[in-house]
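**Q** Starting from the structure of chain A, add chains B and C where the hints point.
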Amino acid sequence: MDDARTPTSSAWVDRFEAALAEPVASAATVGGDRLAALRRAGRTRFRDLGFPTRRVEAWKYTSLAELADTPHLPAPVGPDGDDGVSAPPVPPPVLGAIEGAAPAARLVLVNGRVDAALSSIGPLPDGVVAGSLAAALRDTPALVADRLGAAAAIDDGALIALNTAFFDDGVVVIVPPGVELAAPVELTLIGRAGEAPLAWHPRLILAVGAGSRVTVVEHHLGGGRYFSNLVTEVAVGAGARLGHYRVQAEAAAAAHVSTITARLERDAVYETLTLSGGARVARNEVRAVVAGTGAECRLYGAYLARGRQILDNTTVIDHAVPGTRSRQVFQGAIDDQARGVFQGKVVVRPDAQKTDGYQLNRALLLSERAEIDSKPELEIFADDVKCSHGATAGEIDDSQLFYLQSRGIGRDEARGLLTRAFLGEVIAEIEDERVRAALGDLVGAWMDRP
Amino acid sequence: MLEIKTLHASVDGKDILAGVDLTIGAGEVHAIMGPNGSGKSTLAHILAGRDGYEVTGGSVTFAGQDLLALEPEERAAAGLFLAFQYPVEIPGVSNSTFLKTALNAVRRQRGEPELDAMEFLKLIRARTRRLEMSDDMLRRAVNVGFSGGEKKRNEVLQMALLEPKLAVLDETDSGLDIDALKIVADGVNALRGPDHAFLVITHYQRLLTHIVPDHVHVLVRGRIVRSGGKELADELERNGYAEFGYDEAA
Amino acid sequence: MAATVDTVDTVHAVTAQKYKYGFFTDIEVETAPKGLDEDTIRFISAKKGEPAWLLEWRLKAFRHWQGMVEPSWAKVAYDPIDYQDIHYYAAPKTKARPKSLDEVDPELLRTYEKLGIPLREQELLAGVEPTVAVDAVFDSVSVATTFKAKLEEYGVIFCSISEAVEKHPELVRKYLGSVVPYSDNYFATLNSAVFTDGSFVYVPKGVRCPMELSTYFRINAQNTGQFERTLIIADPGSYVSYLEGCTAPQRDENQLHAAVVELIAHDDAQIKYSTVQNWYPGDENGVGGIYNFVTKRGACRGRNSKISWTQVETGSAITWKYPSCILQGDGSVGEFYSVAITNNCQQADTGTKMIHIGRNTRSTIVSKGISAGRSQNTYRGLVRIQPGAEGARNYTQCDSLLIGDRCGAHTVPYIESRNRTARVEHEATTAKISEDQLFYCRQRGLGQEDAVSLIVNGFCKQVLQELPMEFAVEAQKLVGISLEGSVG
Numbered sequence: 000m001d002d003a004r005t006p007t008s009s010a011w012v013d014r015f016e017a018a019l020a021e022p023v024a025s026a027a028t029v030g031g032d033r034l035a036a037l038r039r040a041g042r043t044r045f046r047d048l049g050f051p052t053r054r055v056e057a058w059k060y061t062s063l064a065e066l067a068d069t070p071h072l073p074a075p076v077g078p079d080g081d082d083g084v085s086a087p088p089v090p091p092p093v094l095g096a097i098e099g100a101a102p103a104a105r106l107v108l109v110n111g112r113v114d115a116a117l118s119s120i121g122p123l124p125d126g127v128v129a130g131s132l133a134a135a136l137r138d139t140p141a142l143v144a145d146r147l148g149a150a151a152a153i154d155d156g157a158l159i160a161l162n163t164a165f166f167d168d169g170v171v172v173i174v175p176p177g178v179e180l181a182a183p184v185e186l187t188l189i190g191r192a193g194e195a196p197l198a199w200h201p202r203l204i205l206a207v208g209a210g211s212r213v214t215v216v217e218h219h220l221g222g223g224r225y226f227s228n229l230v231t232e233v234a235v236g237a238g239a240r241l242g243h244y245r246v247q248a249e250a251a252a253a254a255h256v257s258t259i260t261a262r263l264e265r266d267a268v269y270e271t272l273t274l275s276g277g278a279r280v281a282r283n284e285v286r287a288v289v290a291g292t293g294a295e296c297r298l299y300g301a302y303l304a305r306g307r308q309i310l311d312n313t314t315v316i317d318h319a320v321p322g323t324r325s326r327q328v329f330q331g332a333i334d335d336q337a338r339g340v341f342q343g344k345v346v347v348r349p350d351a352q353k354t355d356g357y358q359l360n361r362a363l364l365l366s367e368r369a370e371i372d373s374k375p376e377l378e379i380f381a382d383d384v385k386c387s388h389g390a391t392a393g394e395i396d397d398s399q400l401f402y403l404q405s406r407g408i409g410r411d412e413a414r415g416l417l418t419r420a421f422l423g424e425v426i427a428e429i430e431d432e433r434v435r436a437a438l439g440d441l442v443g444a445w446m447d448r449p
Numbered sequence: 000m001l002e003i004k005t006l007h008a009s010v011d012g013k014d015i016l017a018g019v020d021l022t023i024g025a026g027e028v029h030a031i032m033g034p035n036g037s038g039k040s041t042l043a044h045i046l047a048g049r050d051g052y053e054v055t056g057g058s059v060t061f062a063g064q065d066l067l068a069l070e071p072e073e074r075a076a077a078g079l080f081l082a083f084q085y086p087v088e089i090p091g092v093s094n095s096t097f098l099k100t101a102l103n104a105v106r107r108q109r110g111e112p113e114l115d116a117m118e119f120l121k122l123i124r125a126r127t128r129r130l131e132m133s134d135d136m137l138r139r140a141v142n143v144g145f146s147g148g149e150k151k152r153n154e155v156l157q158m159a160l161l162e163p164k165l166a167v168l169d170e171t172d173s174g175l176d177i178d179a180l181k182i183v184a185d186g187v188n189a190l191r192g193p194d195h196a197f198l199v200i201t202h203y204q205r206l207l208t209h210i211v212p213d214h215v216h217v218l219v220r221g222r223i224v225r226s227g228g229k230e231l232a233d234e235l236e237r238n239g240y241a242e243f244g245y246d247e248a249a
Numbered sequence: 000m001a002a003t004v005d006t007v008d009t010v011h012a013v014t015a016q017k018y019k020y021g022f023f024t025d026i027e028v029e030t031a032p033k034g035l036d037e038d039t040i041r042f043i044s045a046k047k048g049e050p051a052w053l054l055e056w057r058l059k060a061f062r063h064w065q066g067m068v069e070p071s072w073a074k075v076a077y078d079p080i081d082y083q084d085i086h087y088y089a090a091p092k093t094k095a096r097p098k099s100l101d102e103v104d105p106e107l108l109r110t111y112e113k114l115g116i117p118l119r120e121q122e123l124l125a126g127v128e129p130t131v132a133v134d135a136v137f138d139s140v141s142v143a144t145t146f147k148a149k150l151e152e153y154g155v156i157f158c159s160i161s162e163a164v165e166k167h168p169e170l171v172r173k174y175l176g177s178v179v180p181y182s183d184n185y186f187a188t189l190n191s192a193v194f195t196d197g198s199f200v201y202v203p204k205g206v207r208c209p210m211e212l213s214t215y216f217r218i219n220a221q222n223t224g225q226f227e228r229t230l231i232i233a234d235p236g237s238y239v240s241y242l243e244g245c246t247a248p249q250r251d252e253n254q255l256h257a258a259v260v261e262l263i264a265h266d267d268a269q270i271k272y273s274t275v276q277n278w279y280p281g282d283e284n285g286v287g288g289i290y291n292f293v294t295k296r297g298a299c300r301g302r303n304s305k306i307s308w309t310q311v312e313t314g315s316a317i318t319w320k321y322p323s324c325i326l327q328g329d330g331s332v333g334e335f336y337s338v339a340i341t342n343n344c345q346q347a348d349t350g351t352k353m354i355h356i357g358r359n360t361r362s363t364i365v366s367k368g369i370s371a372g373r374s375q376n377t378y379r380g381l382v383r384i385q386p387g388a389e390g391a392r393n394y395t396q397c398d399s400l401l402i403g404d405r406c407g408a409h410t411v412p413y414i415e416s417r418n419r420t421a422r423v424e425h426e427a428t429t430a431k432i433s434e435d436q437l438f439y440c441r442q443r444g445l446g447q448e449d450a451v452s453l454i455v456n457g458f459c460k461q462v463l464q465e466l467p468m469e470f471a472v473e474a475q476k477l478v479g480i481s482l483e484g485s486v487g
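Chains as they are written, first to last, in numbering that gives the first Met the number 0: chain A, 0 to 449; chain B, 0 to 249; chain C, 0 to 487.
Please keep in mind that the hints were generated in silico from the structure rather than gathered at the bench.
Ideal placement from N, C-alpha and C gives every residue a C-beta, glycine not left out.
One thing to keep in mind: the hints can contain errors.
Said to hold, decoys possible - Derived DSSO-like pairs (lysine-lysine); straight-line CA-CA distance at most 27 Å: (1) C:K74 - A:K353; (2) C:K147 - C:K204; (3) C:K74 - A:K344; (4) A:K385 - C:K460; (5) B:K150 - C:K460; (6) C:K74 - A:K385; (7) A:K353 - B:K13; (8) A:K385 - A:K344; (9) C:K74 - A:K59.
Claimed, not checked - Here's a subset of chain B near chain C, in silico, CB distances under 7 Å, partners left out: (10) R49; (11) L81; (12) G91; (13) V105.
Okay, chain A solo, but in the shape it has when bound (with noise of 0.2 Å):
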C-alpha cells in the first residue's frame, strides 16, 4: 500500500472542484476573507493528508481509500433535475411521529442543501435561530462566522479539512442563554442521487446558550450512490443542555462519514446517540473536549451492521480541567459479513483531577464472518481519577435462547427478539423519554427489516 497521501485524493479534490458549478463557488465565497482563507487551509490540508487508509492510526480499522478512487461529483444546485433521478419520499419527524406535535423546526436538506419547500419552521422563542447554514452566511455573516472551525479544526483530521473546503450549506441552530425549546428541531438530511456518484459536505452548528435546553434530532436517509461528509460543530454554554438524537440510514450505496466536535463549558451536559444501520461504510466520529468543571459527556451509539457493511464508532472524550464526568455505551449487532468497529479514547490531562470516565462497548457477532473490531483507549496524565471502561464480543447468549425457545418462540424470532433487546440497552440510557420510545420502535422497524 501507498502511504496516506495518495496521488489519487489530490486528483479526487481537482475533479471535484472544476465540477463546482458557478454559483455555489460564489456562495462559497460569502463569510468574507477569514472563511475564504479556512477554506483554502482545509484544501491544502487534505491534499497533504488525503482519504485516510488503515495506516492511519485513528482509521486503522475503516479505509476510505476506495473513495478516493470513486469519482465523485458535486449536486447539481436547484430542484430535480433532469436525470431522472427523484428524492425519496420525506419521512415523518422521528418524534414527531410519536407525539402528535409539531417539531419547533423541522429542516430538510436534500443532497446537503435546505430545501426551503420542504423545511418548516415555527414560532421560536426570541433570538433563536435555526435555519439554512448558506442563508445564514449571506443575511447575517456576523451570526455565524465566528462560529466557523471554532470547535472543528482542520487538524483534527482529512475529512474535517475536506468538508471545510467544500461546505457550501448546512444548518445553524442558535440557541441564546436561558431558553428552553420544548420541541425538537428536527434535521433530516436526503440524499437523492442515481449510478452517477455525487458528493456533499455538509457544516452543521449548533450552538446552545448558557443555561438553556434543546434536543435536536437527525435522521440520515436516501437512495443512490454518494458521500455525505458532515461536520457538526457543537458548543454547550454553562448549565446548559443538549440532547443530541441521531438516525443513520442512508442508502446501502452510500458512505457516510458525520464528525462531531463538542466543547461543553462549566455544568453542561451533552448527550448524544447515533442509531446507526444505513450506509455501506460508515463513520460516526465525536470528538469531545469537556472544558468546563462539572460539565458531563454522555456518548452512546447502537448499531446494526449488515450485508457487507462497515459501521464504524469513533469516540475522543479529552477531559481538559478538573470535576468533569463521561460515559459512553456503544452496543451493536453484526450480522452477515458486516464488520463493526469501535474506537474509544478517554484522554485526562495534567491536573484534571477527579475526573469520572466510563465506557463500555459489546458487540454481538450474529454469522460466521461477521467481525468486530474495537480499541477502547485510557490516555491518563492525572492521578486522582476514576477510570474504566469494558469491551465484549461474543454471540446470542444460549441459555437466554434456549428459555425463549422453550417457551414456544421460534429460534429466529428469539434471535431477533434479543438482539433487539441487546440494542435497547443502549437506547434505555437515554434521559428523555420520547426519545427512547421513538429510537426503540426504529429499532424494531429495522429488525423487521428484510
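**A** Frame of chain A, contents of chains B and C only:
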C-alpha cells in the same frame, strides 16, 4: 497521659473544633457523645494524624510527647490506636500479612524484637479465638468482603494485638447488631486495665451499657459543653441534645 | 495531598542509591570495534565458529534491517540511537569455553555471587535436590551453565545457544526464526543479524523438567549492546519452567538491549516463562539506563499446549516488549501476567498479543501497571480471534495505579474478533493509591514506604502469585524498592 488543650481545627476553612479541652489519665475510659456534625470524628482523626484537617490552635500531648508533631505511624508506635468507623479495604493483602506487618512495624519502632512467623501465629490464634473470628478471616484480604460486624471485630482484633496505651473508638457501634456489639465490647473490656485507656466516641448510649465509662463528655458544635459520670449518658439517652440548643429533628 | 508530596519527596531522596546492582566488574574484555556492517556480523559469526547457514541467515537479516525504519508507534520518547556507536560484541577474555565451573574466571564467579546468583553446584547440601539451574550470560557470551549433567540424565538440554549451534545444529536450524522470523520487526531483525548468545532449552517428549531453569543476564561493558537470543522447545507432553533475570551497572549513557525469545510448545506441552526485569533504570533525572526493546513470542503449536508469560518489569529507562502467544493448536492456552512499574523518568510500553487460531483456544491477560514520578506507563495489547477459532475465549484485565500527579497511565487494547462463538471480555480500570488505605496502614504503625509497598503488592498479587516460589519473594521486595518514595 493525653492532654488536649483548647484545640481548634478546621476543614476546608470551616471551623469544626472550637477549643476542646480534655484530659485522659492512664487506664481511664472516657466517652464523648454528641449529635451528628458536632466534631466527634474530626477529633478522632486529628488525634490519629489524618491529612485534611488544619489545627488552628491549641495543643495535644500524649505520653509526654507533642502528638501533633508526629507522623501517623509514630503515633501508632507511641501507643495511639484508632478503631475506624469505616474500616478500609485493601485488596490483595491478606489480613494476616497486614496484621504481622503492622505489629512488627510497631514493635520495631518501640525497640522490641520482631515476631517470627511461628510466634505471630501463636499470638494471633489466641486473639482470634477470644473474638470468635475464624481463621478464614485471616486469610482473606483486609476487610474485603467483610460484613459490617466482621470489619468491626477485625478492628478490635488489631487493637488487641497492638495493645495501645490509648484506643480511640470512632462510632464503633454504628451498623452493629446486638450480638456483634457484645463481642466488640467484650474485646474492649478484656483489654481494659491500668495500661490501656479508651476514648469511646458514640452518638448513642447503647454501647456504653456494655463498655461502662468512667467519664462522659458532651461535644456540641466543636466544644465540650458538659462532663460527668456514666449517669450523664443515661440522661442524654432520655433527653437528647436539646438542652444544649441542638434540635436533632432539624 | 500532603502525604503525596511527602512520598514523592522521599522517593526522590532514595531512588538514586536504591539500585544495588549498579556496580561494574573490572575484567579484561575482548570487544568488536564499534559500528555495524557486514564485517561486524562476519566477526561475530567467526568468533563463535558458526556454520555457513547461520552466517547467511544473519546477513540476510542485516540486509533486510538496512531497509527498515525504527518503529515510532509506542508511547516512548528517546533520542535517536546511533547504531554505529555501539560495540556489538564484548566478551570476558578466556582461553576457551570453560569445561567446568572450576575453569570459570573467579572474578566472574564473584560478580554473580554479588548479584545473588548461585553458580557453584557444590555449595548445595548433600542430599538436597537442586531447584534451579543457571545459565549466566555476561555481556555477549554465556560464561557458565550449572547442573547440565544432572539435566542430561533426563534428556533435557540446557546450554548456551552458541553451544547448541555447535552440538545440536539440527534442532537450532529447525526452530530458530520459526516463531520470530528474521524479518519480523526492526529490533528482532537487528537481533537476528547480531545476536551473540543466549540460552537454549530442549525438553524431550513426556519429560517434566526436574528443576527451574534460569538465565541471568548481565550487561557489564561500556558502550555495548546486548543482543541475546533464547530458544525453548518443549516436545509433546513435556513441562518446563524457565526464569530470567537481568541487571546492569549504573551508567550515564543509555545502553541497548534487543533480545529475541522464541518458545515452541508441542502437543500437551507446557512452558512457563517468568521474567524479573531489573535493568538499570537511569537516575531520577532520566540520565542513563537501559533501552529494552525485546521481542518475545511463543507458539502453541500442539493440541492442548500451554504457554504462560509472567513478567515483573521494574527496570530499564525504556521498555518495549509484548510477550505473545500464537495459539495454533486446538485447545491451547496462552497466559500473560504482568506487573510493570515505572518511576522517575522511566517509560514502559508493554503488553501482549494473543492470536487465537485453533479451536477452543483460551487466553488470559492480567496486567497491572503502576506509574510514579514523571514516568509514562502504557499497556498495549492485541487479542485477535481468527475465523477458525471456534469457541475461543479471552479474558483481559488491565489495572493502572497512579502515584503522584505528574505521571501517566495509558491503556491501548486492540480487540478483533472474527468468530461469533468466541467470547472476548476486556476490563480496565485506573485509579490512584487511596489516601484512606494509606492512612489506615499508617495508623496501624506502617511507615509511608511500607504502606505503599504493601498496598501495591496487594494490587499486584494476582500476577506475583504466578511467579515460581524462588522468585516471588524477591519480586515482592523489588516492587517495594522500585516505588520507594512515591504515593498518592
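**Q** Compare the structure with each hint and give your call.
**A** Comparing the hints with the structure gives:
{"no.": "1", "hint": "C:K74 - A:K353", "result": "holds, 24 Å"}
{"no.": "2", "hint": "C:K147 - C:K204", "result": "holds, 18 Å"}
{"no.": "3", "hint": "C:K74 - A:K344", "result": "holds, 15 Å"}
{"no.": "4", "hint": "A:K385 - C:K460", "result": "holds, 21 Å"}
{"no.": "5", "hint": "B:K150 - C:K460", "result": "holds, 22 Å"}
{"no.": "6", "hint": "C:K74 - A:K385", "result": "holds, 22 Å"}
{"no.": "7", "hint": "A:K353 - B:K13", "result": "holds, 22 Å"}
{"no.": "8", "hint": "A:K385 - A:K344", "result": "holds, 15 Å"}
{"no.": "9", "hint": "C:K74 - A:K59", "result": "holds, 17 Å"}
{"no.": "10", "hint": "R49", "result": "holds, 5 Å"}
{"no.": "11", "hint": "L81", "result": "holds, 5 Å"}
{"no.": "12", "hint": "G91", "result": "holds, 3 Å"}
{"no.": "13", "hint": "V105", "result": "holds, 4 Å"}
In summary, the structure agrees with every hint in the numbered list given earlier.
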